[in-house]
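Undergrad: Chain residues, written in single-letter form:
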Amino acid sequence: MNPKTILLVEDNPQDEMLTLRALRRVNLINRVDVARDGRQALDYLFREGEFADRESPEQPAVVLLDIGLPRLSGLEVLEQLRADARTALLPVVILTSSDEEQDRLKSYKNGANSFVRKPVDFTEFAETVARLGLYWLATNEPPPGR
Amino acid sequence: MIDELSRLLSVNGYLPHGYCLNWSPQLVLTYVVSDILIFLAYFSMPLALAYFARRRKDFPYRWLLVMFAAFIMACGTTHLMGAIILWRPLYGLDALLKALTALISVGTAIALWPLIPQALKLPSPNQLRLMNEELQKEIAERKCAEEALRLAKEAAEDGLQKERTIRAAIVEFSEDAIVGKTLDGTITSWNQAAERMFGYRSEEIMGHSVFMLIPPERQADEEKLLAAVRHGESVKLYETEGVHKDGKRIAVSVTISPIRDKEGLIIGASKIARDVSERKQAEQEIRRLNTDLERRVAERTAELLTANHELDSFSYAVSHDLRAPLRAMCGFSQALVEDYGDQLQDEAKIYLDQIDIASRKMGELIDALLVLSRSTRGELQHDAVNISALAERLLAELRQSEPERQVTVQVEAGLQADGDARMIEVVMHNLLANAWKYTAHAKAPHIRVYAEQQDGARRFCVADNGAGFDMAHANRLFQPFQRLHRQEEFPGIGIGLATVQRIIQRHGGTIEAQAQPGKGAVFCFTLPDMCANSVRDSKEAYYES
Chain A
8 MNPKTILLVE DNPQDEMLTL RALRRVNLIN RVDVARDGRQ ALDYLFREGE
58 FADRESPEQP AVVLLDIGLP RLSGLEVLEQ LRADARTALL PVVILTSSDE
108 EQDRLKSYKN GANSFVRKPV DFTEFAETVA RLGLYWLATN EPPPGR
Chain B
67 MIDELSRLLS VNGYLPHGYC LNWSPQLVLT YVVSDILIFL AYFSMPLALA
117 YFARRRKDFP YRWLLVMFAA FIMACGTTHL MGAIILWRPL YGLDALLKAL
167 TALISVGTAI ALWPLIPQAL KLPSPNQLRL MNEELQKEIA ERKCAEEALR
217 LAKEAAEDGL QKERTIRAAI VEFSEDAIVG KTLDGTITSW NQAAERMFGY
267 RSEEIMGHSV FMLIPPERQA DEEKLLAAVR HGESVKLYET EGVHKDGKRI
317 AVSVTISPIR DKEGLIIGAS KIARDVSERK QAEQEIRRLN TDLERRVAER
367 TAELLTANHE LDSFSYAVSH DLRAPLRAMC GFSQALVEDY GDQLQDEAKI
417 YLDQIDIASR KMGELIDALL VLSRSTRGEL QHDAVNISAL AERLLAELRQ
467 SEPERQVTVQ VEAGLQADGD ARMIEVVMHN LLANAWKYTA HAKAPHIRVY
517 AEQQDGARRF CVADNGAGFD MAHANRLFQP FQRLHRQEEF PGIGIGLATV
567 QRIIQRHGGT IEAQAQPGKG AVFCFTLPDM CANSVRDSKE AYYES
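Sequence order for the protein chains is A and B.
With my numbering as the guide, the letters of the first sequence map in order to residues 8 to 153.
With my numbering as the guide, the letters of the second sequence map in order to residues 67 to 611.
Worth flagging that the hints you see were computed from the coordinates, not collected in a lab.
Ideal Cβ positions, reconstructed from N, Cα and C, are used throughout, including at glycine.
One or more of the hints may lead you astray.
Selected chain B positions facing chain A (Cβ under 10 Å, derived; list incomplete) [claimed, not checked]: (1) Ser381; (2) Phe398; (3) Asp405; (4) Tyr406; (5) Gln420; (6) Asp422; (7) Ser425; (8) Gly429; (9) Ile432; (10) Ala434; (11) Leu436; (12) Arg440.
If you anchor each label on the Cβ, the simulated ranges turn out as follows [unchecked claim]: (13) A:Arg111 / B:Gln482: 27 to 35 Å; (14) B:Glu458 / A:Val33: 26 to 34 Å; (15) B:Leu355 / A:Phe53: 55 to 63 Å.
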């Protein structure tokens, strides 16, 4: 069985550090790849550009996608993922600071599998990220591969 | 025969009559005087009769008068003879005269008798007088009646004349042009207003066709109107155009109706035209103003839309971008404690705690600001809100959050309001949470929710007997981040009432507070019917779309 991975799409280095720290503490750190903007995320998932010869043949078990991203916003990334047959069923969790209703609505409309607000409180944040990682890697069954 | 006559007239052989009287002077004188007076009297009578006959030509028995005159003159002659024979014995002549008189008298008497019945039929003067009086009376009455009739007739003619004059004046001086025309459109009547409206004098236009008052493209309209009139129909307030003598167009409102003769046959049409140019201009002006207003509203809407978009972007930025650094400050200070706690002195840990506390506090402020900013955005929903049930639920939640507190609550049943249910919940949540918070130090905390009428408006009130505040600072109450209590007394960030006021204002209502330090506070707000706010709502809905 191939090791399952997480793709974290996060432009804020501090949030990235805190997220990775939380995942490290539940021993998931070796299975996390990071994209720092929307374009990069799409390249990674579609194996284009710098990721054209990505080693792992598998898609990640889950994409943790921020909304406020440079170049392409998280919602635009989601839209393109859903429009492409290769990624149409890929589990995507929106992980954002926003508690805007509109963001939540658009995320679900565009086919997000989950919407999680990043808590400001550090302890809460760490717990949330850890739970997410464990759930999507250990508990959730991925869609059948093609 | 001659002899006989001469013998008869002869005086020979007879003695004068005086002898018989012995020539007594008294007797002779009496005889003579009497006979002569009688003779004269008798002969005067025919004169009177003749005079009578002449004056009364209508007298029916004129022949009787002649006979009577003859008879009385004959009698008179015999008396004259009587006087003569006193001295001359002409007895033969006297006898002859007497015989003649007898003849005439008898004839007259015979003629008279059959006349009596007829004469009786002749009205007597008295009867005549009565009849006359009767007649006079009748004549007077007739005259009276005639006079009355004449007066009545005059009055009637006078009234008719007056009515005709008034009618003519009504038509002539009407403010509306009144034009009479035949069924083929020939003008037969033209009043002053028509003259003013179309510029033609009556003598210029009478007998001409009404079509000369109508612009070419409207002639078909006039045909239609005339056709309607021919069918006995009236057309009311038909808006069309006319042409002035100088060629200028006039906007007119026309009412046209058939004119009928006594038999009810339609013989023409009356056309009442009112100049509506001013009204049309006013309408155009209103349209122009409306267009202008719409343009300005559109401009303003666009401006507001832009401003709103900017505000949206701002809130979005606040919500996303201000939180991340906070999370970093809070997160790394905690990570420092967790990962390197054993290398830190206690004081260093206290400082790190302060960073944590401050960042949490700022997180709360950001959240509160977002709530405030959201209360100014979003379409207002029209919901029927059960204020009583809402208050009961919120109070139950508060009680659950602090089960150790004993607060008596009193919620009036059946309080209903129109508004956006979620926003009203924010309002009630803030007011009740405040009441709950500020009664923390009260001896017997009491919270009351009720409604009252004031100045014709229904006000919903939340009252408590808590800390209250000084009314001198009431103006700062609803401003964001303004607080009337120190943090250590009552914690808070001062955004709740600003949010409440903003929501109430968006609903078109008002909110007021009354308080006394140490005695409690009461907050009352109104929520007008939502339909009154539909204009504002729809505008806001537009911003949102």
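Undergrad: Does each hint fit the structure? Answer for all of them.
TA: Now the hints, each set against the structure:
Hint status for serine 381 of chain B relative to chain A: holds, with the closest Cβ pair at about 8 Å, below 10 Å. Hint status for phenylalanine 398 of chain B: holds, given a least beta-carbon distance of 7 Å to chain A, under 10 Å. Given the 10 Å rule on beta carbons, the hint for aspartate 405 of chain B holds: about 9 Å separates it from the nearest Cβ of chain A. Given hint, tyrosine 406 of chain B at the interface with chain A, is violated; its Cβ is 13 Å from that chain's nearest Cβ, farther than 10 Å.
With 10 Å as the threshold, the beta carbon of glutamine 420 of chain B stays out of range of chain A, its nearest partner Cβ sitting at about 15 Å, so the hint is violated. A least Cβ separation of about 8 Å between aspartate 422 of chain B and chain A falls short of the 10 Å threshold, and the interface hint therefore holds. With a cut of 10 Å, the hint placing serine 425 of chain B at the interface with chain A holds, because the nearest CB-to-CB distance is about 7 Å. Nearest Cβ of chain A to the Cβ of glycine 429 of chain B: about 4 Å, under the 10 Å cut. The hint holds.
The criterion of a C-beta within 10 Å of any C-beta in chain A is met by isoleucine 432 of chain B, whose closest approach is roughly 8 Å, and the hint holds. Violation of the interface hint for alanine 434 of chain B is found here, the shortest Cβ-Cβ separation to chain A being roughly 13 Å, above the 10 Å cut-off. Given hint, leucine 436 of chain B at the interface with chain A, holds; its Cβ is 7 Å from that chain's nearest Cβ, closer than 10 Å. The beta carbon of arginine 440 of chain B comes within 8 Å of a beta carbon in chain A, closer than 10 Å, and the hint placing it at the interface holds.
Between arginine 111 of chain A and glutamine 482 of chain B the Cβ separation comes to about 31 Å, which falls inside the hinted range of 27 to 35 Å. Between glutamate 458 of chain B and valine 33 of chain A the CB atoms are about 43 Å apart, so this pair departs from the stated range of 26 to 34 Å. For the pair leucine 355 of chain B and phenylalanine 53 of chain A, the supplied restraint of 55 to 63 Å holds, since their beta-carbon distance comes to about 59 Å.
Of the numbered hints listed earlier, those contradicted by the structure are 4, 5, 10, 14.
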